[in-house]
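Q: This is what each chain is made of:
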Amino acid sequence: MKKILTLLLIFVMCITIMTGCSNGGDDNTLYVYCFGDYFDPELIEEFEERTGYEVVVDYFDTNEEMYPVIQNNSAQYDVICASDYMIEKLIAEDLLSELDFDNIPNAVNITSNIKTMIDDFDPGMKYSIPHTWGTYGIMYNKSMVKDEITSWNDLWDKKYEGQIVMPNSLRESYMIAAKIIGYSINTTDEAQLKKMTDLLTTQKPLVYSFANDNARELMIGESAALAVINSGEIIYSKEYNEDLEYIIPKEGTEVWTDCWAITKSVQNKEAAEAWINFMLDGDVAETNFEYLTYAIPNKEIDDLVDEPVLNPSNSVLAKCETLKNLGPEGDDLYSKYWKQYKAE
Amino acid sequence: MKKTFKGLYLALIVFFLYLPIFTLMVLSFNEGKTMNAWVGFSLKWYEEMFNNRQIMEALGNTFTIAFWSATIATIVGTIACIGINAMGEKKKSIIMGLNNIPLLNADIVIGISLMLTFLMFGISLNYGTVLFSHITFCLPYVILSVMPKFKQLQNLTYEAALDLGATPVYAFFKVVLPDIMPGIISGFLLAFTMSVDDFVITHFTRGAGINTISTLIYSQVKVGIRPTLYALSTVIFVIVLVVLIAINIMSNKKKEKNI
Amino acid sequence: MNKKQLFSGPFLAFILCGTLVPLGVIAFYGLTDRSGAFTVDNILSIATPEHAEALLLSLGLALISTVICLLLAFPLGLILKDSKLGQKGFMVFIFILPMWMNFLLRTMAWQVLLEKNGVINNVLGAIGLPALEIINTPAAVVLGMVYDYLPFMILPIYNALIKIDKNVIEAAYDLGANYRQVLSKVIIPLSLPGIVSGVTMVFVPSLTTFAVSNILGGGKVNLIGNIIEQEFTTSFNWNLGAGLSLVMMIFIIISMALIEKFDRNGEGNLI
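Protein chains in written order, with our numbering: chain A, 1 to 344; chain B, 1 to 259; chain C, 1 to 271.
So here's chain A without its partners, still in its complex pose:
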């Protein structure tokens, strides 16, 4: 047993030496807080070479995980990446710094249709710069689903019992019900919520599983025939399973934008703006698009992202809505009904 210990010690020492204990935070360091694997990691080195700043990147999985860290300022980050409704919440709570567009000349590359969407949560685009965007829709397998899928109502078709993957997130689930009935996806009316819960409950027996990240894997592996999924997943999924298709239901859907923003407690604002400016560069956007396969709203790569599902027409977008921050009471109400729905 003593030997095990000795060897373990040596093993640890080796790894420590191998990787080196790098953690020197000085003025030249930029701290980035972003969804995991949300840009090509090779770009970090390119940015460092171009600007001379040193970059430390940290990852999180959901907006909600990131929020308490920023709110309590428990770890100091300069640049963060967050979704639309979270940006709105952060602005409302005065946790973001206004951007100085003189330092972000590449902002001219932002496509015009995305700007109207940003107005929904960041009027005038003062605090945030879009990184990726997309819609929620239905992915289906042509060889398993014979009918044409056009509507959210197709998810209520008894034929597909045990073959449907629904999102395991509260807001997206209620978005579907709201679009079918014709409510706003940001409603906080209790009667409407109750009705939506009833509607979702009737569909629950048909569901194979509730999944977010894993939905595309289930579709690629053909364990499910239909899945509610975000548009960024289709290019990737099709690469592994040619039968997969993605549609935006005719009732309209949720459109989402993930944005870069600078925190209030920023230590190195110039570096932060340089980072955002770098991300808007045409070549960088292309690298990211190829790495992520999520749509990137950059004029320079418009011809690359010309798939209709990734770049829906304005008439489709007219029927779409952005998720909004509901406030504590709204959150509690949704949470209450969601738990009832899940407990059924």
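Be a bit skeptical, because a hint or two may be false.
Here are the simulated lysine-lysine pairs, PhoX-like style, with alpha carbons at most 20 Å apart [what the hints assert, rightly or not]:
#1 Lys158/A / Lys116/C
#2 Lys220/C / Lys336/A
#3 Lys81/C / Lys6/B
#4 Lys91/B / Lys220/C
#5 Lys185/C / Lys261/C
#6 Lys116/C / Lys142/A
#7 Lys336/A / Lys204/A
#8 Lys116/C / Lys204/A
#9 Lys151/B / Lys92/B
#10 Lys158/A / Lys220/C
#11 Lys4/C / Lys3/B
#12 Lys238/A / Lys33/B
#13 Lys91/B / Lys4/C
#14 Lys185/C / Lys159/A
#15 Lys2/B / Lys81/C
#16 Lys44/B / Lys33/B
#17 Lys261/C / Lys92/B
#18 Lys4/C / Lys174/B
#19 Lys220/C / Lys204/A
#20 Lys151/B / Lys116/C
#21 Lys336/A / Lys126/A
#22 Lys92/B / Lys3/C
#23 Lys336/A / Lys194/A
#24 Lys90/B / Lys3/C
#25 Lys4/C / Lys92/B
#26 Lys90/B / Lys261/C
#27 Lys151/B / Lys220/C
These are calculated hints, taken from the structure and not from any lab test.
With the hints as your guide, set chains B and C onto chain A.
A: Positioned in the frame of chain A, the structure of chains B and C alone reads:
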């Protein structure tokens, strides 16, 4: 007949425990990025792993945090056992009850409560807060491993050593320590393993730029975990396995020699 | 106060700063609402149907997993005790080793194996057996719990078993006991501390888990752990999450008190 049945049962349990691990190892050689389709054999994820600065940093953090937290927890825990052992029954059971709290608490509650506590006292999160949190949840495992050894300890030998003129410190190192050593080692190993495997507590108590393998894995859930992390897990696993087998062979040889 | 007792000082300091104070913080959150006013609503909300159902389901699944682990681990412990397979350290390592592969990755691997069109079903289909349809059901969650926590049951039981003096067992045989009697009158009573700590180590994490139910339950199996996690991570109601955690802790303390009754010696041995 009975022997084959026993062997079969053992093999089945080991198979059950190692089946998912084997699956991940196979997937780490899959050329594709998906878990659900075999595209072709490839070593590209291994190559990517060694060239990825983030992964290498996370690897370093994981093992230094595990090493220091397990070491400190083992020292503090072992010393504490001397103290607890000298206490009366009532005090002892209160302390053992307190010791059980971190074991009984959900990880997320420990993580969030620690984060809130650090913030309340104005301590900004960094490497140190992660280390402190890891020591806190490793300690109970050390206590639970070492305490029983003290119970089995013959107090008489220690007292005999004192009677023969040994100082208490000398007697502790010469008489007590060898007896409780197995408990200390298993406590250390368990603490080390728990620290390596932890995600939730690290997530809430880490500062900017501090990632462990676990936090790296969880953060990739949104866009799908890259097989580089399967490759990394496979490498760690194989190293530990090889070390273990080597030790086993070495000590078996030694035994044979002694006979 | 004996001088020796002072040795536990650093440990008590860690318990105070790392466990008791944070626990106080959680209790504070659990007993206040968002505005900071005192309330017991968060605690009482356990009685609402959606929370109570989740708690009952959690208790049920944790109990089933614990029993299965015990039934698997005890015979295994007996086999290992008699076998000549290497020395003690090696056997222990075989069962700790899986923990070196990240917990989330291992659980996700089960998903790949169990999926409707997954590896196991493809193998079963190829040899003409009916498909195994347990993914996204409580059965899959139980499987995941048994898988993840079985080592915690095996180790303490094994450690208790190898400590039993062989002479005691032989004496029992010499006095005319048959195998069954030896098992029930000698081996099981003497290994009770190991069983108790094994049961604790499996029951508690099974009761509080949220990751296993999320991954293998396909979001259809809603445990109390999932609800607490959701309050902290998506619903922004930390007060309710803290209140429910307090309730969960009370349930754990009650269960532990019941289990400890069997363990006369105070504490079992984990290793």
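Q: Each hint should be assessed against the structure and marked as holding or not.
A: Results of checking the hints against the structure:
no., hint, in the structure
1, Lys158/A / Lys116/C, "holds, 19 Å"
2, Lys220/C / Lys336/A, "holds, 17 Å"
3, Lys81/C / Lys6/B, "holds, 12 Å"
4, Lys91/B / Lys220/C, "violated, 45 Å"
5, Lys185/C / Lys261/C, "holds, 19 Å"
6, Lys116/C / Lys142/A, "holds, 18 Å"
7, Lys336/A / Lys204/A, "holds, 17 Å"
8, Lys116/C / Lys204/A, "holds, 18 Å"
9, Lys151/B / Lys92/B, "holds, 12 Å"
10, Lys158/A / Lys220/C, "holds, 18 Å"
11, Lys4/C / Lys3/B, "violated, 50 Å"
12, Lys238/A / Lys33/B, "holds, 12 Å"
13, Lys91/B / Lys4/C, "holds, 14 Å"
14, Lys185/C / Lys159/A, "violated, 58 Å"
15, Lys2/B / Lys81/C, "holds, 15 Å"
16, Lys44/B / Lys33/B, "holds, 11 Å"
17, Lys261/C / Lys92/B, "holds, 17 Å"
18, Lys4/C / Lys174/B, "holds, 18 Å"
19, Lys220/C / Lys204/A, "holds, 9 Å"
20, Lys151/B / Lys116/C, "violated, 51 Å"
21, Lys336/A / Lys126/A, "violated, 34 Å"
22, Lys92/B / Lys3/C, "holds, 15 Å"
23, Lys336/A / Lys194/A, "holds, 10 Å"
24, Lys90/B / Lys3/C, "holds, 17 Å"
25, Lys4/C / Lys92/B, "holds, 13 Å"
26, Lys90/B / Lys261/C, "holds, 16 Å"
27, Lys151/B / Lys220/C, "violated, 46 Å"
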